[in-house]
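Peer 1: Residues per chain, in single letters:
There are 2 protein chains.
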Amino acid sequence: ARPRVGYFYVGKPMGEVIADQLRKMKVKDYKSVPVVVSEGTSVYDAIVTMFLEDVGTLFVVRDQAVLAGVVSRKDLLKVAIGAQDVREVPVGLAMTRMPNIIVVTPEENVYEAATKLIDYQIDALPVVRVMDAHNKQLEVVGRFTKTTIARIFVELGSGRDI
Amino acid sequence: ARPRVGYFYVGKPMGEVIADQLRKMKVKDYKSVPVVVSEGTSVYDAIVTMFLEDVGTLFVVRDQAVLAGVVSRKDLLKVAIGAQDVREVPVGLAMTRMPNIIVVTPEENVYEAATKLIDYQIDALPVVRVMDAHNKQLEVVGRFTKTTIARIFVELGSGRDI
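Going down the list, the sequences are from chains A and B. Here the first sequence is numbered in my numbering, starting from 2 and rising by one per residue. Here the second sequence is numbered in my numbering, starting from 2 and rising by one per residue.
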């Protein structure tokens, strides 16, 4: 008998079936819009931007889109309970700076992105495109976070065909 | 011929196969240890506890384990940039309070837990056991967060048999 459309034989253990699926899903298809500030932005204004945009991580850029740093709620909280005035301290002093930033490219898969989030214990990855390989300049084109993973997880669990 | 051990026929679309799998995975098998403080803890000490324990959400309890509130980095950041002294303000003034807390039980599945995180736009759920249905008292027995989801995601993507 011919198999019914949409039904198929899977000659693999369940673990491999799911792993294959996650490796087919690309970061570019799930990333969100990045929220960026410039290096001179005060810690206070960065916190306000986080609240207004409802994100947990900001990307710090030069020339509109060149990645310079990443700043998390945790980084800002550290400054906020310190002795300095959050309106005076620039976000550039609180951020993790290039080249110590873990990034992901649009062509990587969501499993690779999730692995980076777990291995480096971070909440968000800037999605980047290499602008200038020689100077290692990276253009920020998106945001991939633990929330993105949770959203994909819910989509997978909803049972919609993929 | 007998099927090889570990290999099987799946008479379902891929989407359903994955959805079934996620519904089999229980919160109790993936939850982390909860990090708790009492209601009188200062916002400053709560922030320090967050850093020391490396978590993004604290559960506020009475009598060691009875859930009274939940406080996130975002809640604490709000107080930290306000006019009040973080060493004077108790965490009870910054937290989300019962009965407005979204919880999960150990017997719920990880898909249900992920759905709550996304639908209510929160980072963490207290895993609770009902102590007293009449008074709606809940005992905190664990923590289920977006990081938990990301960890499960990496485990699924590693292709280990499940």
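It should be emphasised that the hints constitute simulated quantities derived from the structure, not laboratory data. Please read these numbers as outputs of a predicted model, since none were measured by experiment. Where hints are given, some of them may not hold.
Identical chains share a label here; the pair holds if one copy fits it or two copies do between them.
Here are the simulated lysine-lysine pairs, DSSO-like style, with alpha carbons at most 30 Å apart [as the list claims (entries may be wrong)]: (1) Lys-75 to Lys-29; (2) Lys-29 to Lys-79; (3) Lys-75 to Lys-13; (4) Lys-79 to Lys-25; (5) Lys-75 to Lys-117; (6) Lys-75 to Lys-25; (7) Lys-79 to Lys-13; (8) Lys-27 to Lys-79.
Peer 1: For each hint, tell me whether it holds in the structure or not.
Peer 2: Right, here's what the structure says about each hint:
no., hint, in the structure
1, Lys-75 to Lys-29, "both (27 Å within a copy, 28 Å between copies)"
2, Lys-29 to Lys-79, "neither (32 Å within a copy, 33 Å between copies)"
3, Lys-75 to Lys-13, "neither (42 Å within a copy, 44 Å between copies)"
4, Lys-79 to Lys-25, "neither (39 Å within a copy, 40 Å between copies)"
5, Lys-75 to Lys-117, "both (18 Å within a copy, 24 Å between copies)"
6, Lys-75 to Lys-25, "neither (33 Å within a copy, 34 Å between copies)"
7, Lys-79 to Lys-13, "neither (48 Å within a copy, 50 Å between copies)"
8, Lys-27 to Lys-79, "neither (34 Å within a copy, 35 Å between copies)"
Against the hints set out earlier in the document, violations occur for numbers 2, 3, 4, 6, 7, 8.
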